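**Q** Each chain, written out:
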Amino acid sequence: MTPAVLQPESDVFIQAEEMPSPGSTVIIGFPGSGLVGSISVSYLIDVLEFKQIGYITSRFFPPMALMSNGVISVPVRIYAKDKFVAILADIPIQPAICYEVAKTLIQWFTLVSIQEIIVIAGIITNDSESRVFATVTEKELLEKLPETCVPLPIGNISGIAGSILLEAKINKIQGIGLLAETINAPDPRASASAISVLKTYFSLDIDVSALFEQAESIESQMHSLAEEVSQHNTDDMQKREILPMYG
Amino acid sequence: MTPAVLQPESDVFIQAEEMPSPGSTVIIGFPGSGLVGSISVSYLIDVLEFKQIGYITSRFFPPMALMSNGVISVPVRIYAKDKFVAILADIPIQPAICYEVAKTLIQWFTLVSIQEIIVIAGIITNDSESRVFATVTEKELLEKLPETCVPLPIGNISGIAGSILLEAKINKIQGIGLLAETINAPDPRASASAISVLKTYFSLDIDVSALFEQAESIESQMHSLAEEVSQHNTDDMQKREILPMYG
Amino acid sequence: MTPAVLQPESDVFIQAEEMPSPGSTVIIGFPGSGLVGSISVSYLIDVLEFKQIGYITSRFFPPMALMSNGVISVPVRIYAKDKFVAILADIPIQPAICYEVAKTLIQWFTLVSIQEIIVIAGIITNDSESRVFATVTEKELLEKLPETCVPLPIGNISGIAGSILLEAKINKIQGIGLLAETINAPDPRASASAISVLKTYFSLDIDVSALFEQAESIESQMHSLAEEVSQHNTDDMQKREILPMYG
Amino acid sequence: MTPAVLQPESDVFIQAEEMPSPGSTVIIGFPGSGLVGSISVSYLIDVLEFKQIGYITSRFFPPMALMSNGVISVPVRIYAKDKFVAILADIPIQPAICYEVAKTLIQWFTLVSIQEIIVIAGIITNDSESRVFATVTEKELLEKLPETCVPLPIGNISGIAGSILLEAKINKIQGIGLLAETINAPDPRASASAISVLKTYFSLDIDVSALFEQAESIESQMHSLAEEVSQHNTDDMQKREILPMYG
Amino acid sequence: MTPAVLQPESDVFIQAEEMPSPGSTVIIGFPGSGLVGSISVSYLIDVLEFKQIGYITSRFFPPMALMSNGVISVPVRIYAKDKFVAILADIPIQPAICYEVAKTLIQWFTLVSIQEIIVIAGIITNDSESRVFATVTEKELLEKLPETCVPLPIGNISGIAGSILLEAKINKIQGIGLLAETINAPDPRASASAISVLKTYFSLDIDVSALFEQAESIESQMHSLAEEVSQHNTDDMQKREILPMYG
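If you read the protein sequences in the order shown, they are chains A, B, C, D and E. Read left to right, the first sequence gives residues 0 to 246 (numbering that gives the first Met the number 0). Read left to right, the second sequence gives residues 0 to 246 (numbering that gives the first Met the number 0). Read left to right, the third sequence gives residues 0 to 246 (numbering that gives the first Met the number 0). Read left to right, the fourth sequence gives residues 0 to 246 (numbering that gives the first Met the number 0). Read left to right, the fifth sequence gives residues 0 to 246 (numbering that gives the first Met the number 0).
Be a bit skeptical, because a hint or two may be false.
Stated by the list, open to error - Below are the DSS-like pairs computed for lysine-lysine, each with C-alpha atoms no more than 30 Å apart in a straight line: (1) K171/D <-> K50/E; (2) K50/E <-> K143/D; (3) K171/E <-> K80/E; (4) K171/C <-> K198/C; (5) K50/A <-> K143/B.
What the hints assert, rightly or not - On the chain E side, residues computed to face chain D include the following (Cβ under 8 Å): (6) Y54; (7) T56; (8) R58; (9) P61; (10) P62; (11) M63; (12) A64; (13) L65; (14) M66; (15) S67; (16) N68; (17) G69; (18) V70; (19) I71; (20) V73.
Bear in mind the hints are in silico, worked out from the structure with no lab data behind them. Keep in mind the model is a prediction, meaning the values are calculated, not measured. All residues carry an ideal CB built from backbone N, CA and C; glycine is no exception.
Let the hints inform the model, and build the full structure from the sequences given.
**A** Given below as C-alpha cells:
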C-alpha cells in the first residue's frame, strides 16, 4: 500500500491509499447534462466491482457530505480495478475551478503513469438519436474507436470535461471524450449508449440491460406524469366550461 | 496548564488554555435548522457543568461580540469536562469558510488526540415525528448507536456540520452526525431528542425535562399568537362583510 | 521621541511619533450610531488638550483626505495626554476589515503597554432614557464602573467596537464598552452622557455643558424643521381642498 | 527543437515546441468586433500554410476545449512560417486579464527576439467605407505602411489589442495595429481589407478572393433573412388590417 | 540618462528614463470633475514645452491604449522641464487602487527628491464663482499661496487627489491641493483659474487666453444646443396644440 498525497499546499487535494497499475486507463464521470457522466461511471464501478482507493477534495468544492444508508461518503472518489481507474463525482465543479482541478488530475495521472483518459459526458442535441459522439486529443485515436462512435464535426466542450481533455492534449496524454446524446433529465439510456462504446473498445464483459430497465422505469413515470397533467388540464378545462359566464 | 495555539498564520485560530484528556469525545453544536445544534450543546454544558477552556476566532467570522449580563463573550467557544470536549457556536459559519474551519478543527482534534466526534444538528422534514437520524463515518459505528436513532437512508448534509463529518472521515477519526427532525424556529424539543440519544449512548445522568418545558412555553406562545391572528382575521372578515357591495 | 511603525507588511499601519506612557488607558471613538463615539472622543481631545502623536492608515480605508480650515488631516488619528491615549476616527470601518484593524490595534496596545481600553459608541433603543450601558471583558470590571452605568443584560455589539472588545478579551487586556442610548442623528447629548461616566470613573475635571448646548441647538433646528414640514403639509392639504373635483 | 516554457509560476503560460526565427514579425488576431482579428489570422495560417508550434493557456481563460473533425484543439495557439509567427485565439480575453496576457506575450516576444508586432482587429464606425485604420507605437512606422491605411486621428483601443500595443510601446518593440472598419457580425470582407494591407506591406503572394466569396455568401443569407422578415411583417400588417376596428 | 524602475514586483509601475532635478515641484492632474486636473496639466505641458520622461502602468488600470494622429500613447505619463515634473493621466483611477497608486507615487517622489506636490482638481459647488480653493498638508503653506486662493474651510477630497495629499502629509512632503470650482462638463475656464494660481505662485510666464477661447467655444456650442432644444420643445408643444382634443 503506497499512500500518495498530491500537492498538500494546493487548492485541490488528491489522496490515494493505493497506486493504480502503471499504464492504466482512467474513466472519468462528472455530473452534467443528463447526469450521463456520473450514471455511466457509477454503473461501471458497481458492475465491474471496482474498489475505492482514494478521493479528491478542495476548498472550492461545496461544503457538503453525502450519505448513503447512514454512512458518509466523500463526493469525489477514486476507484481502481485491474488496469482501470475510475473517477466518480457526485457534485458539479464550478467553472472557476475547472482549470485547477484538471491540472491537478493531469499531474496525478502523470505521477501514477496513466496511459489513457476517457471522459464520459452528455451532450444535448435538438433531435436525439442516441448517438455517442467522440472527440480525441490526437487524430489517430479516432481510428481505434468503435464504428458506433461519431466523430463530433465541430463544437466545444465547456466545463470540467473540456478542461480535462485540454490538459490531456497539452500534456500529451491520450484523451478521449465520449459525448452521449441526452436530455435535460437523469438519462440511463444515454449512459447505456456510452458504456456500450466502452464495452466494444475494451472488450468488456458487461451487461447494460439494467440501465435500459432504469430508463424504461423513468420514462414510464414521466409518461404517466404527462398523462396526468394532460388529464388534469382537460378536467380543468371542463370545469371552466361549466363556470358561470359572469365569472 | 498547557496553552495550545494552532496555526498562527491561518485564517482560523484555535486557542485553548488547557489540553483536553487524550481520547476525549468532542460534541459540536453550531446554530442551524431549529438551532438544534447550539441549544443541545449549550444545555449539555450548563447541566453537566463544563468549563470553558478556549475559543475559535477567524477573520471570516462576522465582526461581533456577544454580551451576557454585561460581560463580553467570544462567539465560538471550547469547553471540557472529564472525557468530553464541547464546541459551541453562537454564530453561523458562512459556506465559503466551512472547509477551512472544518480542516482546522480536525487538525486540532488530531493534535489533542480526540477519539470521536459527534455533531448535533437539525433536519427539516415534511412530517416531523421527533426522530433523530444518524449518519456515521464508518459503517460499524451504526451498530454502537442506540436503537432510537434512525440511520439516514440517503441525502446530504451541507454547511459546517457536513464539512466536519467529511474531514473526520478523510482523516479516519470516528464521526457521528445526529440530525434531529425540527422546524424553522428555535426547537428545544428536537434538542431534547438529540440529547436523549447522547444520554443512552454515554450512559449520562442528565434530565431533559427543562428543555420540554421550554418547548411547551414556546409552543404555547405560538398557539396564542396563532389564535390572535385567527381572531383578527375573523374580525377582519366580518368587517369586510359589512362593506358596501360596490367597494 | 521614539518612532513606532507597526507591521510594515500588513494591510493596516499604525505610525506613532511618540510612545504613550506605559500603563495608559486608551479611549476609542469611531463614528457609528448617533456619531457618539467620534463626538465624545473629539470633545475629550479638545477639552483636555490632547496632542496628536500618530495615525492609522490602510489600503482598505476609503481613499479620502479630510480638510479643516484649509489643512489636510488623516482620517484616523492617535492622540495622547498624560496617562491617556485617544483614538479618533472620522471614517467608518467596513465590516470586512474590522477584524484586521482590531487585531493590529491590540498588537500595538500590547507593544506600548496599554493597561485598559475604553470603547465609546452609541446604541439605538426603542425608548431612549439617556442611559449609558456598559459591557466589559471581565466581570470584576463591572464593579469598578460608576453606578450610573447599566450593565447590558444581553445583546451583541457588531462592527469595529465589537471587534476591539473581542480582541481585548482574547488578549487579556481590560476592556470596557460604554454604549450611550442614542438616535439616528449626530447626538451630542448621548455623547455628554458617555463622557459623564468617564468623568466619574477617572475623576476628570471636565465640563460637558458645551455638548448640551450643541444638543439644544441641533434639537431646536430639528423642531423648526418639523414645524415647517407640518405647516407645509397643512398648506398642501388646504391647497388640495380647493382643487376642482374633476382633477 | 527547443522547448520554451515561460513563467511556470504565472497565471498565463506560453508553451512552444519550436523557437521562431530571430527577427520574426508576429501577427496577432483575437476575436472581437466582426471577428476581424481571428478571421484574418486564421485565413493567413491556412493560405500560407503556417505550422502550429505552441499554445497559450491560463487559469483565467474560460474552461473550454474546441473540437474540429473530432479532434480537440487548444483555444489560443501559436503558429510559425519562415520569418512570421501568428497568434490565433478562438476565445475572447476578459478585460481583467488583458494586462497579464499582454505582459506575458511581450516577455516571450523579447525572449524569442520578435522584431515587429502586428495586431489585427475590427473597428465599428457609423458609416463603414471598408477602410483600414492604422495606429503605431512609433511615428516613423506610419510612413512604412501602405497608403491604403488611414492613420487613426484620435481614439482608444480597449481590450487585449490595446493592451498588447501599449506593452509593445513601453518595451520599445515596433507595434502596428490594423483596425478594419466592420459591423456587428462575422465579417470576412473587413478581414480581406486587413489582409490586403499585409499583402502590400510584406509583398505576400496571397489571394483574398475566398474571403470575398464568404462575405457574399453571408451577405446573401442576411439579405434573404431581411426579406423574409420584411415579408413576414407585411403579412402581419395585412392581417392586422383585416382585424375589426373595434379591437 | 538614469533609468529608474520602481517596484518591479508591485501592482503599480513607475518607469522613467530620466531623473527629475532634485528639489523639483511635481504638478499632478488626473481627470475628474470638469476634467480640470487633466486639462490644466495638459495645457501646462504644451505651453511650457515639457518633455515626456516616463509613464505609470498597472494591472489595475483599464486595458486601453490611447491614440493620437495614428500613434499610441500610454494613458498615465510623466513629463519634466527644469525644476518641474508633471504627471498627466487620461484615465480615471478606480477608488480601490487609489491607495496603491498614491503610495507608489510618494515612494518615487522620495526617491527622486521631489520637494513639493501640487494636485490640481475640480470641485463642484452649488453656485460657482470661478474660485480656486486651496488645501495644504501643513498650515504654513497657506501663507505662501496667492491671495486669490481661498482656503477650503471644511470638507473632504475623495479619490486619487485625496489619496496623494494624504500620503504626502503622512510622509512629510509639502502638498498643495488646488480645487477650481467647476461644472459637470469639460471646463477650460476652471482650468484657466487653476493655472492662474500657479502663474502667480511660481512667477511663470504663461498665457491662459487659449483656455478662455476654448471655454467660449464650448459655451457657445452648449448655448446653441440649448436654444435648439428649447425651439424643438416649442415646436413640439405647438404640434401638440393642434392635436385633436380627443387624443
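**Q** Give a verdict on every hint.
**A** Results for each hint:
no. : hint              : verdict
1   : K171/D <-> K50/E  : holds, 18 Å
2   : K50/E <-> K143/D  : holds, 26 Å
3   : K171/E <-> K80/E  : holds, 24 Å
4   : K171/C <-> K198/C : holds, 25 Å
5   : K50/A <-> K143/B  : holds, 26 Å
6   : Y54               : holds, 7 Å
7   : T56               : holds, 7 Å
8   : R58               : holds, 4 Å
9   : P61               : holds, 7 Å
10  : P62               : holds, 4 Å
11  : M63               : holds, 5 Å
12  : A64               : holds, 4 Å
13  : L65               : holds, 5 Å
14  : M66               : holds, 5 Å
15  : S67               : holds, 6 Å
16  : N68               : holds, 6 Å
17  : G69               : holds, 3 Å
18  : V70               : holds, 5 Å
19  : I71               : holds, 5 Å
20  : V73               : holds, 6 Å
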